[in-house]
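A.B. asks: These are the residues of each chain, in order.
Number of protein chains: 2
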Amino acid sequence: MLSIALVHWPCLDKNGDVIATAITNLDLHDGARVCLTYGINTLYIVHPYQSQRDFAARIMDHWLTGFGGEYNPLRKRAFEVVRVIDDLAALRAQSAATVVATSARRIDGAISWAELRGLDAQGDVCLLFGTGWGLAPQALAQADAVVEPIAGRGDFNHLPVRAAMAIAIDRVLGGNRWDT
Amino acid sequence: MLSIALVHWPCLDKNGDVIATAITNLDLHDGARVCLTYGINTLYIVHPYQSQRDFAARIMDHWLTGFGGEYNPLRKRAFEVVRVIDDLAALRAQSAATVVATSARRIDGAISWAELRGLDAQGDVCLLFGTGWGLAPQALAQADAVVEPIAGRGDFNHLPVRAAMAIAIDRVLGGNRWDT
Chain G
1 MLSIALVHWP CLDKNGDVIA TAITNLDLHD GARVCLTYGI NTLYIVHPYQ
51 SQRDFAARIM DHWLTGFGGE YNPLRKRAFE VVRVIDDLAA LRAQSAATVV
101 ATSARRIDGA ISWAELRGLD AQGDVCLLFG TGWGLAPQAL AQADAVVEPI
151 AGRGDFNHLP VRAAMAIAID RVLGGNRWDT
Chain Y
1 MLSIALVHWP CLDKNGDVIA TAITNLDLHD GARVCLTYGI NTLYIVHPYQ
51 SQRDFAARIM DHWLTGFGGE YNPLRKRAFE VVRVIDDLAA LRAQSAATVV
101 ATSARRIDGA ISWAELRGLD AQGDVCLLFG TGWGLAPQAL AQADAVVEPI
151 AGRGDFNHLP VRAAMAIAID RVLGGNRWDT
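Chains as they are written, first to last, in the numbering used here: chain G, 1 to 180; chain Y, 1 to 180.
Chain G extracted, bound-state conformation:
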């Protein structure tokens, strides 16, 4: 069973410094909708600041119990997959899954997408995505494995985290991707 964690700290900024990024409304919406489409029942939103976790809770509340859920019940269903947590230690405490980090940079010893599909077929896997300019080295070091970068074509490799989540999930779980 696959789960997803969208990590806001420790991440890198464009200068390579370690920062906590802000939670964005759209990352929650897009992440939840993609997860539910692929039958993923947990999307962890990881942020160390209470004020940011409260912000995420307010957005979700609108859709889960407020007017949003009446206006668009499908969105309500999507948000039921979201869990807001403090840090990667809290993730480990809640889940026995093998933690696999993603990175746009090639990391020594990275596993292939086929190997990731194999891990997912064998047991629980939680796939980590960094915001900002990606997961900081200390986040990668906390993972059990790192999967190779999503390769496009050419030298530009700056996918939005929303796109990286969608593509990675489809690479692991896409139903009719392999049809001929």
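If you are wondering where the hints come from, they were derived from the structure by calculation, not from laboratory data. Fair warning: there could be bad hints in the mix.
[To be verified] Label pairs and their in silico Cβ distance ranges: (1) 117(G) x 66(Y): 39 to 45 angstroms; (2) 70(Y) x 105(G): 22 to 28 angstroms; (3) 89(Y) x 14(G): 38 to 44 angstroms; (4) 17(Y) x 115(G): 45 to 51 angstroms.
Where is the CB? At the ideal position from N, CA and C, for every residue including glycine.
Once you have looked at the hints, place chain Y on chain G.
C.D. replies: Frame of chain G; chain Y shown alone:
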């Protein structure tokens, strides 16, 4: 060669009525970054209203010639792929590509993703994506073919258009998707 068109009219709203949707800043950013990552050199933004096309031009101008390009040259490069056009007739006038529509609903005679990869290998293909609740029937009717829906797992199939674009492009062009 693959190109992408993000269509804002004719689209459906949640009640099934035909509408023109608003251009959103983030769709332009995410679409351009995904296209450039996969070596796609044209992302058409299709909108019939001059005011909306002007809005798109203002966003792009910030990144292509304004402060944005200085602050983040990578974003400037991404926006170089965007072309803002009026309608599907303008698309046909500018491009001899085979036009393939996407749809979250199953359409009779839809081609598979493998068949789409075959078309792309043989010649130019432009892949259409609807905003709002998807392309209206009259947009599907203008396409040369429709590709089958992106299947996840289960009955919830409400991908954000940003996610659908990313997944579809990776399904056609993803470099290391097939590696073992």
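A.B. asks: Hint by hint, say whether it matches the structure.
C.D. replies: Hint check:
1. 117(G) x 66(Y): 39 to 45 angstroms: holds (43 angstroms)
2. 70(Y) x 105(G): 22 to 28 angstroms: holds (24 angstroms)
3. 89(Y) x 14(G): 38 to 44 angstroms: Given about 41 angstroms between the Cβ atoms, the range holds.
4. 17(Y) x 115(G): 45 to 51 angstroms: holds (47 angstroms)
Checked against the numbered hints above, the structure violates none of them.
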